[in-house]
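Can you make the complete structure from the sequences, with help from the hints?
Note that my numbering has the sequence shown beginning at 1, numbered continuously upward.
Please note: incorrect hints may appear among the correct ones.
To be verified - As a list, the in silico SDA-like pairs of lysine to any residue whose alpha-carbon atoms are at most 20 Å apart:
no. : residue 1 : residue 2
1   : K67       : E11
2   : K67       : R100
3   : K67       : S37
4   : K67       : R98
Stated by the list, open to error - Across the chosen pairs, the derived CB separations fall in these ranges:
no. : residue 1 : residue 2 : range
5   : A99       : R30       : 28 to 36 Å
6   : P80       : S48       : 24 to 32 Å
7   : R98       : S48       : 40 to 48 Å
8   : R98       : R29       : 21 to 29 Å
9   : R29       : P111      : 17 to 25 Å
10  : T21       : R68       : 21 to 29 Å
No lab work stands behind these hints: they were computed from the structure. Here a beta-carbon is modelled for each residue, glycine too, at the ideal position from N, C-alpha and C.
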Amino acid sequence: MVVQTELSEAEIDRVFHALATATRRDILRRTVEREQSVSELARDYDMSFAAVQKHVAVLEEARLIIKRAEGRERLVRANPEMIARARALLARYEELWRARVAALDELLAGPSTSSGTQPISDRNNDTTQGD
Numbered sequence: 001m002v003v004q005t006e007l008s009e010a011e012i013d014r015v016f017h018a019l020a021t022a023t024r025r026d027i028l029r030r031t032v033e034r035e036q037s038v039s040e041l042a043r044d045y046d047m048s049f050a051a052v053q054k055h056v057a058v059l060e061e062a063r064l065i066i067k068r069a070e071g072r073e074r075l076v077r078a079n080p081e082m083i084a085r086a087r088a089l090l091a092r093y094e095e096l097w098r099a100r101v102a103a104l105d106e107l108l109a110g111p112s113t114s115s116g117t118q119p120i121s122d123r124n125n126d127t128t129q130g131d
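Here is the structure:
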C-alpha cells in the first residue's frame, strides 16, 4: 500500500487551521490515545456540546480524525494516515528552516581563514612599521 504524503494547498490550509486552536489539538491528542464519543469529549471542556461538535467537525474536515456512528453515539478517533502526512509536511518545513539557519550562521561567521586570506578586521589591525 502506497501512502500519499503530498498534501494539496487546500489540505495544508485545513490542517493548519484545525491545529491552530488548543481545544482541537487536545481533542486530537485524546483521540490518538483512544476512540471516544463526542459526548465524552465534551464533558471535559468548559463549552457547550455544540461548540465541541464544531471543533470535531473542523478536525474531521481536515481529515485528522474519523467519526463513525455506533447506535446513537458518534465515536471519534484520530486518523493516523493524515497525521503522518501532516508530520511529513512539518518535517519538510523544519528541514527548510534548518538549512536557512545554517546558511545564515555561515554568513555571519564571516570568511574562512583557512583559505589563506585574513579577515578584513584583522588586515586593518596590521600596520607596517616604517623606519
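**Request:** Provide an ascending list of the numbers of those earlier hints which the structure does not satisfy.
**Result:** Going through the list in order, the structure violates hints 2, 4, 9 and respects the others.
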